[in-house]
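So the sequence shown is residues 123 to 196, counted in the working numbering.
By construction, these hints were calculated from the structure, which means they are not laboratory data. The structure displayed is predicted, hence computed values, not measured ones. Incorrect hints may have been included.
What follows is a set of in silico ranges between Cβ atoms, one per label pair, in the way DEER data are often shown [claimed, not checked]:
1. Gln165 <-> Ser142: 32 to 40 Å
2. Glu179 <-> Phe145: 17 to 25 Å
3. Trp164 <-> Gly138: 35 to 43 Å
4. Leu170 <-> Gly138: 35 to 43 Å
5. Ser167 <-> Asp143: 31 to 39 Å
6. Pro137 <-> Gln165: 33 to 41 Å
7. Gly138 <-> Arg161: 30 to 38 Å
8. Ala182 <-> Ile150: 14 to 22 Å
9. Gly168 <-> Gly138: 40 to 48 Å
10. Gln190 <-> Glu157: 15 to 23 Å
We put the CB at the ideal spot given by N, CA and C, even for glycine.
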Amino acid sequence: MDTRHSHQQARLQLPGATESDSFRMRMIAQLYQIECYRRDQWQKSGRLLSHNQAAAEWIACYAANFPQTVAGNS
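Input sequences plus hints: build the corresponding full structure.
Pasting the structure below:
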């Protein structure tokens with residue numbers, strides 16, 4: 123999985139979702155992306171990152187381009 127672009131491939135929209143629901147969905151989506159990044163680093167380069175290390179690297183590289191909303195009424 124290409125973690126750099128996977129968040130752009132599909133967007134989940136839930137009718138009636140609140141702002142709080144949207145925030146939770148976005149956090150879950152980011153956690154998923156971070157875990158994919160962690161696994162990719164191990165599989166592609168043999169780097170075994172802790173969850174915190176993977177999160178820090180993923181945030182530095184990809185968080186700015188992550189959609190602000192994942193679920194909502196838009």
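Here is what the structure says about each hint:
no. : hint                          : result
1   : Gln165 <-> Ser142: 32 to 40 Å : 35 Å, holds
2   : Glu179 <-> Phe145: 17 to 25 Å : 23 Å, holds
3   : Trp164 <-> Gly138: 35 to 43 Å : 39 Å, holds
4   : Leu170 <-> Gly138: 35 to 43 Å : 42 Å, holds
5   : Ser167 <-> Asp143: 31 to 39 Å : 36 Å, holds
6   : Pro137 <-> Gln165: 33 to 41 Å : 37 Å, holds
7   : Gly138 <-> Arg161: 30 to 38 Å : 33 Å, holds
8   : Ala182 <-> Ile150: 14 to 22 Å : 20 Å, holds
9   : Gly168 <-> Gly138: 40 to 48 Å : 45 Å, holds
10  : Gln190 <-> Glu157: 15 to 23 Å : 21 Å, holds
The structure is consistent with each of the numbered hints, conforming to all of them.
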